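Colleague: One-letter residues, chain by chain:
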Amino acid sequence: MIRLIWAKEVRAELYTWRSALWLLLASLIFSFTSYLLLTNKELTLLDQTELLWLLGKIIVGTALLMVTIDASSILTSEFEHHTAESLFIAPIRLRDLVIGKFLASLTLWGALYVVAVPYMIVAAAGTRLAPAFLGYVALLGTLGVAAMVLLALGIAFLFRSSKNALTTTLVVLLGLTVPALFTSALKSGFVARVFERINPVDSIFAALDNVLVDYQLSPLQNGRFLLPLAGFLAAAFAFAVFAAWRFERQGIVRSGS
Amino acid sequence: MPAAIQVDRLSKSYGPTRAVVDLSFMVEEGEFLGFLGPNGAGKTTTIRILTGILRPDGGRAEVGGLELCHREAIAREIGVVPESRGFYDWMTASEYLTFFARAYRHGKPAEPKVVDSLLEQVDLARSRYTRVGAFSRGMKQRLGLARALVNRPRILFLDEPTLGLDPQGQQDIKNLLRHLNSDGVTVFLSSHLLSEVAELCSRIVVIDRGRLVGEGTLDGLRQKAGLKTGWHVRVAGDRTALESAWPGAQITVLPGALAEAEGLFLGDRAEANRFLDDLRAHRVEVLKFTAGGQNLEEVFLALTRREESDAPLDPANDRSAAPGKGRTRQTGGSR
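From first to last, the protein sequence lines stand for chains A and B. For the first sequence, the working numbering gives the first residue as 1, with consecutive numbering after it. For the second sequence, the working numbering gives the first residue as 1001, with consecutive numbering after it.
Extracted from the complex, chain A is given alone in its bound form:
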């Protein structure tokens, strides 16, 4: 049943050209970034590892934003297009539905990653970092995207409206991303340091820095970054499970005649 839902969602994305648009937009962003990195006078002065770090951040950041937006409506569209009732009348478990939709969102991340691979290979040419770069972007991106998708699904269960789910999820994503872009001077306070430790987006950027700039390639050497990310994923999973449980208790359709 999970496969059935996953296939439906993937096909829906293709038929509605939503995925194609995301991928086109992503490739434009990656192309523009690469062009700037190669031609901008100041950026060309950067060390190649720094350049890789910047590209890695842009790839993961773009994926987080696009997949989060997509995941915010993947569930709520069933309510807004009045298809939820016919779906739940069939013997489809809520668990299968959620997992199917979760995997469909991860598939979009997979496609974005495939689009990013040539850019990463070209950017890493001449260094021995290409496998680590590809591997860590895949690992960190998957953990971050999976957590954001679960969060988006949980929020969608609570609100049952694309607009509300999208706004709330984007606020959460911005709340996590903007502090990660602050300079170290802005992160000197106690609260800022604690937030930096637990912020998953900070962890992704710091792990990429640790791998690409400091050559700490082993996962064990990146444990302090992977752990908060795994913790965020676990929390997002727990939240999605709670929201789904609450949704089922409230009833699949909230209002009636």
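Everything labelled a hint here was simulated from the structure, so no lab data went into it. Careful, some of the hints might be misleading.
[Claimed, not checked] Among chain B residues calculated to face chain A with C-beta under 10 Å, some are:
no.: 1; residue: T1051
no.: 2; residue: I1053
no.: 3; residue: R1076
no.: 4; residue: G1086
no.: 5; residue: F1100
Just so it is clear, the structure is predicted and the values come from calculations on it, not from any experiment. Every residue, glycine too, gets a C-beta built ideally from N, C-alpha and C.
With chain A's structure known, arrange chain B on it following the hints.
Modeller: Quick look at chain B alone, frame taken from chain A:
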């Protein structure tokens, strides 16, 4: 006869609004039940509870012998044409039904056969490769019915199944429903088309403000509402005899000494027999005397009006419930 649907003191509220209040009724296996009520009476809520879409606040119900908590098991037994009919517009009709056939695990080899036969049944075979988004409302309606039949259900819940269909489409759906019912499928039909309910259903449940206000056959409901059965009457005979046997009848004088009258007699079976005896005693020839005029609309309005005022209907105020041997309503002579 075992119960296909058993509802026992079912309740559901939306905040302060009580949508369903202590609702109890039973539907026998193979029955064609009409489920009526004014807008906001709680029909859709009841159907949503029985199909596992909504959880009741109180009471219990069984569908196909299964408690409501077994949503997936119930889903395998029932077919539903819900009130809110959303479709995946980007799918073709064939893809749409295949998706649901897979959800019911028909098995890949059987899927095309199931889908083709359903498309034939609802007369959409020629549009199998057309995107659902390009379908008219009536076509979508038929596709929704095909989806409800994809698992060959034992019990079929229909919420306004002919809404938006042209008369031919309505007739086709009604014929299909009759056919399914004759094959033993229990049909639970909620509709605002009272003529449709009167035509198809063997028994009717009427609810208002979430409460049961009437349950039974049309005749039974007429009695409960204090209404009398209508009899279509056409008689011919001597004009004077006709006038004394059927006072107030609108009489058409025919060539010669004969006259004819046609109209509606309202009364129960005993009153109808007495009226017939009177006619015969006056040597009036009875050309037609058939039960009819069982206007469900009258019954529906009477039952729901009674609930509105929260007081029993006063038969004296009801134009069709006059005392005595019954009232007649003339429809004029035949010529």
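Colleague: Please go over all the hints and tell whether each is borne out by the structure.
Modeller: Hint check:
A cut of 10 Å between beta carbons decides the hint on T1051 of chain B: the least distance to chain A is about 6 Å, and the hint holds. The restraint placing I1053 of chain B at the interface with chain A holds, with a minimum CB-CB distance near 5 Å, inside the 10 Å limit. Against a cut-off of 10 Å between C-beta atoms, the interface hint on R1076 of chain B holds, since the closest Cβ of chain A lies about 5 Å away. Given the 10 Å rule on beta carbons, the hint for G1086 of chain B holds: about 3 Å separates it from the nearest Cβ of chain A.
Given the 10 Å rule on beta carbons, the hint for F1100 of chain B holds: about 6 Å separates it from the nearest Cβ of chain A.
Hint check: no violations occur; every hint is consistent with the structure.
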